[in-house]
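Protein chains in written order, with the working numbering: chain W, 1 to 382; chain X, 1 to 365.
Worth flagging that the hints you see were computed from the coordinates, not collected in a lab.
Don't take each hint at face value.
Cβ pair distances, simulated, as ranges [to be verified]:
hint, chain 1, residue 1, chain 2, residue 2, range
1, W, ASP241, X, PRO281, 50 to 60 Å
2, W, PRO295, X, LEU94, 56 to 66 Å
3, X, TYR131, W, PRO352, 19 to 29 Å
4, X, ALA278, W, ALA161, 45 to 55 Å
5, X, ILE182, W, PRO168, 34 to 44 Å
6, W, HIS375, X, LEU77, 19 to 29 Å
7, W, HIS375, X, ILE182, 25 to 35 Å
8, W, PRO352, X, ARG257, 37 to 47 Å
9, W, GLU169, X, TRP47, 47 to 57 Å
10, W, HIS375, X, ALA241, 30 to 40 Å
11, X, TRP47, W, ALA246, 52 to 62 Å
12, X, ARG326, W, HIS157, 40 to 50 Å
13, W, ASP75, X, TYR279, 43 to 53 Å
Using N, Cα and C, we set each Cβ at its ideal position, and we do this for glycine too.
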Amino acid sequence: MIRQTSHNHRIFSAVIMALAWLLLLSNSALAQQTPPTGSLPPASSVDNATCLNCHQQAGLMMTLPSGEVMAVTVDNTVLAHSMHAEESCQDCHSDISSYPHGTIPVNSYRELQIYYSQSCADCHDEQAMEQVESVHAQLQAGGVQEAAVCADCHGAHNTQAIDREKHPELPLTATAQICQQCHSGIYNQFEQSVHGKALTADANSDVPTCTTCHPAHSADDPRTQAFRLTSPELCATCHADKTLMAQYEISTQVFDTYVADFHGATVMLFEKTHPDQATNKAVCTDCHGVHNITPATRDNQQIKDNILPRCRECHPDATDNFANSWLGHYAPNFETAPMVTAITWFYRILIPALVAFFLIYIALDYYRHRMDARHNRKEVQA
Amino acid sequence: MTTQHQPHYIRFWPSDRILHFLLGISFTVLAFTGLIQKYADHGIAVWFIRLMGGIEQTRVFHHMFAVLLILVSIVHLVQVGNRLFVQRKSMSMLPTLKDFTDFFTAVKYNLGISKKKPNFPRFNFMEKLEYWAVVWGTALMTITGYALWNPILVTRFLPGEVVPAAKIAHGMEALLAVLSIITWHFYFVHLRVFNKSMLHGAISEEEMADEHPLELEQIKQGKIWQPPAPDVRYRRLKLYAPLAWLFVLVSVLGTWRWLTAEKTAITTVPRTVVQEEAYQPVLPTPAALQLTPVVRPTPLSQLRIADLSKQSGGASLITHPIDGERAQCATCHDVNSQIDPAPMDHADYKDDTCLTCHSLEGATP
Chain W
1 MIRQTSHNHR IFSAVIMALA WLLLLSNSAL AQQTPPTGSL PPASSVDNAT
51 CLNCHQQAGL MMTLPSGEVM AVTVDNTVLA HSMHAEESCQ DCHSDISSYP
101 HGTIPVNSYR ELQIYYSQSC ADCHDEQAME QVESVHAQLQ AGGVQEAAVC
151 ADCHGAHNTQ AIDREKHPEL PLTATAQICQ QCHSGIYNQF EQSVHGKALT
201 ADANSDVPTC TTCHPAHSAD DPRTQAFRLT SPELCATCHA DKTLMAQYEI
251 STQVFDTYVA DFHGATVMLF EKTHPDQATN KAVCTDCHGV HNITPATRDN
301 QQIKDNILPR CRECHPDATD NFANSWLGHY APNFETAPMV TAITWFYRIL
351 IPALVAFFLI YIALDYYRHR MDARHNRKEV QA
Chain X
1 MTTQHQPHYI RFWPSDRILH FLLGISFTVL AFTGLIQKYA DHGIAVWFIR
51 LMGGIEQTRV FHHMFAVLLI LVSIVHLVQV GNRLFVQRKS MSMLPTLKDF
101 TDFFTAVKYN LGISKKKPNF PRFNFMEKLE YWAVVWGTAL MTITGYALWN
151 PILVTRFLPG EVVPAAKIAH GMEALLAVLS IITWHFYFVH LRVFNKSMLH
201 GAISEEEMAD EHPLELEQIK QGKIWQPPAP DVRYRRLKLY APLAWLFVLV
251 SVLGTWRWLT AEKTAITTVP RTVVQEEAYQ PVLPTPAALQ LTPVVRPTPL
301 SQLRIADLSK QSGGASLITH PIDGERAQCA TCHDVNSQID PAPMDHADYK
351 DDTCLTCHSL EGATP
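Pulled out of the complex, with its shape left as it was, chain W reads as follows:
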């Protein structure tokens, strides 16, 4: 009985395999028959030509419930030059398969964009999963319709390559330009910053662009406490990189000196023990700025002038002297901080010397103590 079943199984799977093989063959045969130019491959039910038969007609308009009038003419040359030239209309417009088209559950043009951006996940599920937790997706979920959806960055019928990692021929500023479309205020600040200038004017690929700190799909909400607490580590990914910083003669002690100080130590511990802890403890951006970061050289008066007002934001009674208690991002030496350096060296010598003295004396005492005890035992025995 069992043997019979397994025999049937084998026949069944062989048939399936054969069918699958035939299907593959026929598919590849089809693919070969399809001319590579112009015409689009057949879709599941309606081919693109059918759609374009109407949608190529100029001046085709549709009035949305909001009163907006939307052009529904599709420019085939735009479509043919897009990343999706080979795709079927129905791949995205999967809810339309006949004429008259059913009702699309949207009121406005924006809602339509949001509605159709959902269909991107059908093919790009990985990216769709990435962006679920992102600030844009969360805002969308909260009803903020302006928050970016797929089509805002990638386009709709004109889907373009925007990833510089896959398309190095794109300009360095490609992503920043896309972000600028909605975040022009921040872009203008960034453009004037030490990073922005290097990116836009010097075409320097070492400096961060928007997506370096705010990953395109998975950008966290930068206004959260968790983001604030992790921000020093974000800066440190580049600023603690010795090979990268060596080219620009930038100190890589910035992170270590920050963490060694009260603010840095507290922020790092909050991040490890209570990642959502609200804190006013200074992070990198509190003194250096966020998008408008200027070069922080030792003689940058602007940074120096910034320090005391920054202190006073949290310590209203702070004086000039108090601001000087921050020794900067350089390991202290006899010139910059003589008192600190002298005390450090005092203990660096005293501690080992004293502990060595203790241990040597203890060793001697212990040796004599044992010798005396043995001696006493012998005397008692004798």
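Model the placement of chain X on the given structure of chain W, informed by the hints.
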């Protein structure tokens, strides 16, 4: 023989033992909560900090036990004053030249160079070293701790570098103190012999002979401290007690003042969050864009119907092949359709009747 092992030589009075216990507690907690802050970048330190409820809570514990240590110090000062001015005991804890000679004698004896044992007094040099290390350490930790507790107040009078200098000194001194305790203290009172005098106050004659031979000899000669006569004691106390109380009052108030001297170094004012307007589109987004409503143009289909009907005596020509999908005329040319709709009177017509009137003449192959 039995009396020799019985601990009956008093070393510590109950007040000493209580203070030592409190000192031990505060030292341990301070060292623990302090060192995990000093080495906060180590995983084990983070683990302990999390266990204590975070860095803020760890600092609260550290401050609480710092206050305990300060109170212990205040009480000890009163106690020392009482012994010196009221009881007039000898200042046996002060370092003397003999401590140095004792040290060299001990080294030579331990090395086996000399048979002469050091003749230790009531407090031998090992004990004096430790006592004065605690005094020095507590004073230094109190002063540097004050600077770290009140950095804004301190920098009103002193240069800013004092704060990081105090931090370095505080941490390094702590390390020195802990290392001293686990070497020197643990060896002499726990490992060499387990000295229980901090528990019941006394040691045996055997221990006395080993650690304080000079004192033992003096006791046997009857050279022991005699308490003052009650009236003398009363007279001295009349002067000392008010002074001691004044000192306690001033120092406790001073400690309280310390605790509340400034708040912004610990409880800082909340951060003013500058909310940047993140959404500043270059162009109005489609959602904001109101396309100017245009008058709907005459559907092309209607134009074409009018056009084509001229050529075929009424019925319009079919302009495309009617194979496959397109065989179902009503799919596109329903009476309600927006492209090439059939006239209303065609509503009941079936697909197979279309060709009766409409010819395929207009179809482009």
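Results of checking the hints against the structure:
no.: 1; hint: W:ASP241 x X:PRO281: 50 to 60 Å; result: violated (35 Å)
no.: 2; hint: W:PRO295 x X:LEU94: 56 to 66 Å; result: holds (60 Å)
no.: 3; hint: X:TYR131 x W:PRO352: 19 to 29 Å; result: holds (23 Å)
no.: 4; hint: X:ALA278 x W:ALA161: 45 to 55 Å; result: violated (26 Å)
no.: 5; hint: X:ILE182 x W:PRO168: 34 to 44 Å; result: violated (60 Å)
no.: 6; hint: W:HIS375 x X:LEU77: 19 to 29 Å; result: violated (44 Å)
no.: 7; hint: W:HIS375 x X:ILE182: 25 to 35 Å; result: holds (30 Å)
no.: 8; hint: W:PRO352 x X:ARG257: 37 to 47 Å; result: holds (38 Å)
no.: 9; hint: W:GLU169 x X:TRP47: 47 to 57 Å; result: holds (50 Å)
no.: 10; hint: W:HIS375 x X:ALA241: 30 to 40 Å; result: violated (53 Å)
no.: 11; hint: X:TRP47 x W:ALA246: 52 to 62 Å; result: violated (35 Å)
no.: 12; hint: X:ARG326 x W:HIS157: 40 to 50 Å; result: violated (25 Å)
no.: 13; hint: W:ASP75 x X:TYR279: 43 to 53 Å; result: violated (29 Å)
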